[in-house]
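**Q** Sequence:
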Amino acid sequence: MDLDLVSCSGNKLTKRDGTVVLDFLSQYGALPFGHNPEFAVQAVNQYLSDQKPVFCQPVMLDISKRLAERLIGAMGGAYQHCVFTNSGAEAVEAAIKLARMRTGRKKILSVHNSFHGKTSAALACTGSSRYSVSVLDTPDFDQIALNNRDTLNDALCSKEFAAFIVEPVLGEGGMVCADKVWLQRARELCKETGTLLIFDEIQTGLGRVGAISMSIKLGIDPDILLLAKALGAGVLPSGAILYNDRASCREFERKHSSTFAGNGLAAAAGLALLDHLEAGQGQIFQHVENIARIIDQHCFRLKEQFCDMFNFSGGGLMRAVTINDIHNTENYTVNYLQNTGYMGWIICSWLLNRHSLLVAPLLSSPGAIRIEPNLNVSEEDINTLFIGIEQVCEIIAKGRYDLLLADLVGVDVETLPKVNSGRPDWKVKTQLTAGSERVKGKTFAFLIHTTMEKDVIANFPSVVKENFPERGVRRLAQLLIKLGRIAPNPHIALKFTVHGALASAQGILISSPITAEDMMKLPASEKKKLLEDWLHVARQEGAEVIGLGGYSSVISKGGLTVKDQLKDITLTSGNSLTACSTSEAILQAEDYDMRGKSVLIIGARGSVGKLITAQLSMYCDDLILVGRQGNGERLRRDLLQYLCRQVLLCSSENALEGSVYQRLDAYITHPDIQKLINNIDDPSLLLPCQLITERIMAAEYEQKLGLTFFAGDFSAIREIPKIDYVVSATSAGKAIIKANVFGSGTTIVDVSRPFDFDISESGPRVIEGGLVHQPSSQSYGDSNVTGTPAGINLACLSETIALALNSSEGHYSIGKCIDYKEAQAVMEIALKHGFTPVHFSHARQNCA
Numbered sequence: 001m002d003l004d005l006v007s008c009s010g011n012k013l014t015k016r017d018g019t020v021v022l023d024f025l026s027q028y029g030a031l032p033f034g035h036n037p038e039f040a041v042q043a044v045n046q047y048l049s050d051q052k053p054v055f056c057q058p059v060m061l062d063i064s065k066r067l068a069e070r071l072i073g074a075m076g077g078a079y080q081h082c083v084f085t086n087s088g089a090e091a092v093e094a095a096i097k098l099a100r101m102r103t104g105r106k107k108i109l110s111v112h113n114s115f116h117g118k119t120s121a122a123l124a125c126t127g128s129s130r131y132s133v134s135v136l137d138t139p140d141f142d143q144i145a146l147n148n149r150d151t152l153n154d155a156l157c158s159k160e161f162a163a164f165i166v167e168p169v170l171g172e173g174g175m176v177c178a179d180k181v182w183l184q185r186a187r188e189l190c191k192e193t194g195t196l197l198i199f200d201e202i203q204t205g206l207g208r209v210g211a212i213s214m215s216i217k218l219g220i221d222p223d224i225l226l227l228a229k230a231l232g233a234g235v236l237p238s239g240a241i242l243y244n245d246r247a248s249c250r251e252f253e254r255k256h257s258s259t260f261a262g263n264g265l266a267a268a269a270g271l272a273l274l275d276h277l278e279a280g281q282g283q284i285f286q287h288v289e290n291i292a293r294i295i296d297q298h299c300f301r302l303k304e305q306f307c308d309m310f311n312f313s314g315g316g317l318m319r320a321v322t323i324n325d326i327h328n329t330e331n332y333t334v335n336y337l338q339n340t341g342y343m344g345w346i347i348c349s350w351l352l353n354r355h356s357l358l359v360a361p362l363l364s365s366p367g368a369i370r371i372e373p374n375l376n377v378s379e380e381d382i383n384t385l386f387i388g389i390e391q392v393c394e395i396i397a398k399g400r401y402d403l404l405l406a407d408l409v410g411v412d413v414e415t416l417p418k419v420n421s422g423r424p425d426w427k428v429k430t431q432l433t434a435g436s437e438r439v440k441g442k443t444f445a446f447l448i449h450t451t452m453e454k455d456v457i458a459n460f461p462s463v464v465k466e467n468f469p470e471r472g473v474r475r476l477a478q479l480l481i482k483l484g485r486i487a488p489n490p491h492i493a494l495k496f497t498v499h500g501a502l503a504s505a506q507g508i509l510i511s512s513p514i515t516a517e518d519m520m521k522l523p524a525s526e527k528k529k530l531l532e533d534w535l536h537v538a539r540q541e542g543a544e545v546i547g548l549g550g551y552s553s554v555i556s557k558g559g560l561t562v563k564d565q566l567k568d569i570t571l572t573s574g575n576s577l578t579a580c581s582t583s584e585a586i587l588q589a590e591d592y593d594m595r596g597k598s599v600l601i602i603g604a605r606g607s608v609g610k611l612i613t614a615q616l617s618m619y620c621d622d623l624i625l626v627g628r629q630g631n632g633e634r635l636r637r638d639l640l641q642y643l644c645r646q647v648l649l650c651s652s653e654n655a656l657e658g659s660v661y662q663r664l665d666a667y668i669t670h671p672d673i674q675k676l677i678n679n680i681d682d683p684s685l686l687l688p689c690q691l692i693t694e695r696i697m698a699a700e701y702e703q704k705l706g707l708t709f710f711a712g713d714f715s716a717i718r719e720i721p722k723i724d725y726v727v728s729a730t731s732a733g734k735a736i737i738k739a740n741v742f743g744s745g746t747t748i749v750d751v752s753r754p755f756d757f758d759i760s761e762s763g764p765r766v767i768e769g770g771l772v773h774q775p776s777s778q779s780y781g782d783s784n785v786t787g788t789p790a791g792i793n794l795a796c797l798s799e800t801i802a803l804a805l806n807s808s809e810g811h812y813s814i815g816k817c818i819d820y821k822e823a824q825a826v827m828e829i830a831l832k833h834g835f836t837p838v839h840f841s842h843a844r845q846n847c848a
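Be aware that the sequence shown starts at 1, since it is given in the working numbering, and climbs by one per residue.
Worth flagging that the hints you see were computed from the coordinates, not collected in a lab. Model, not experiment: these values are computed from the prediction. Keep in mind that the hints are not guaranteed to be accurate.
Straight-line Cα separation of at most 25 Å, SDA-like style, residue types lysine to any residue; simulated pairs [what the hints assert, rightly or not]:
no.	residue 1	residue 2
1	Lys704	Tyr667
2	Lys816	Asp622
3	Lys118	Ala360
4	Lys816	Asn631
5	Lys528	Asn489
Model the full assembly from the supplied sequences, consistent with the hints where possible.
**A** Shown next as structure tokens:
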């Protein structure tokens, strides 16, 4: 959207290369007659040339007084007072201040999806979560639904509010018109309850709706009327509040002032604007009405042509058109662009680059484009605009996102197939009809995020992957990753149904575009906010089970930091099934006897690493446990205590003779150790495990148990003579070790996403761990989350689904030390509902 502009006149913007862009935004309505209108420029230049006073407080300038009188007269004489401001937000602030001082009340009422500015009080009465700042939230501001009579009555009849502020046409809120009867009722109730009615006409005022103001057009006089934007005639910032005697407050008038407001130069521009609006008996208002009818004709035509994917709203020259892809609901990238509002920016970018048309998205309404041309815009220009909008509709209707996205990444559109040669890029919605024998499970939400460039690309619409050169595909992936750093806000990536062996459940994938590596770099406060945003979306969607996918588990410490907020919702980190499915796959490959095999576990101190260690210790007699460099002592103590706890909690009857688990069990059941711990009353088992661990470490008995601890440089691993399996489950967020560190006889199982292992060079076989067969060969979206084949998906997601199918209560797999007994219970639930571990045939080299 960057423009290198050298000149602007009317609605024409001239770029340095000579290209002329038509402006249909008008600085969000602040340029009533376009850029540098001759009448305004002449008035301002003449005022300065005559060396008339610009700033001369405390003197009351005659020109400012004349502008106040003209504004009051133009509004039908309903107001007796005028106070100037420098902006719309300042006008809102002053109006709130006046209302509070006049009524003695503090509370302010506004409407949902409203927009009143970004200063403190103006932001507080703005009814949009997009702009809200939690630290500024105050109980003195309430919102109600626009055009809802019941909530209007209830709120105003409470007699709590100093003022009710409303835009007659919601601007940023979607160009939605307030109902005339509803506004009339608001007028009546405000009179009855001592509340001041404020019309925020910062955008609608001074011509944009085909009248001097919406209040005049409706025949409804508020107590306070706010003007700005157009008041500066497109050359200066200016604002005003007009109010009647009912709202008048002597104290306010004594104490309120502004250094720059009401200055002579702004007044000269304001008077020139009023002269221009009133010229020819207000012909400009009729022109606005005529152009509005032409816009209506175009909108109705496109609505008929593109049905549910095209909508429009607004009135006069305050319009919004909304273009949504109703077919491509299975593609995460399309859903991301639509649900975050970035699709609006992309459409605007396409209109600018392909048709030299400047519009902007409505940030509060995803997929909506804001249209606010200058009041004297020509019919020809409006026709040109809708030619471009119609072409966007055609592109999206055919699923041709390659054409829509090409300019963003420098792909030559001329090298792509024409729009008519495309094919719709969607699949049948991921939803099946549940059989009558299946019970209904819980609704679940699973939290996901960008892991690596490869996964971003896997989620692209197929036409992008097929028609873009590799350079363009990678640039687009890098752009989306960059956006994730700037705005990691979670969004709904997919809604779908899963059918297990016994039940069915509705699911939602809630995705943030931020990568694991970037997430780990966030300050603690931003990690907390990201988690809050994720959970907020889940709650809004009615989730009864929430799964912490990817690094949402890491930054919440395996769910520990959020579980107390979710007492009414089942929470899981998914780590139990991730660990157990990985261990089961290894054990199946070795027929459940790994004695004589050497297994190295990287990230052994993490929750997944500990569980894998516990399970493999029952079947293996040589475990090498790897932690972060320099943490050797902590690694030994932590893992020994954990393994001791598992032995004390679980029977060793399934452990093979000579396995690590069986040896540790023999050590703990030795009379000397039993004598040490028998008299300890500690249900948590913490103290007994600590005492046993200290004994083992003091005697350096780990080697006899079959345990080796390693916290050095990975390059030193080469010195280990024989390693049969490597299992890696760290939270590094990026590749930290090259696969060729290990010999060709080693099998590497990489459980992490992003992967811990770099396989760019030849080396041993690397297998993707943590994968589970689903109850059916279903794909969750067209890329199936990470690009795995249909019917195979992440174990952490599968654990969430299994708990939902099972209608489980309570929390699962929470924290860094999950007991093996609990993990096995989760595994049993998953097996019951048709989930099974993936055997070792899914090598990463074959799926890259």
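**Q** Please name the hints from earlier in the document that this structure breaks, with their numbers sorted from lowest to highest.
**A** none
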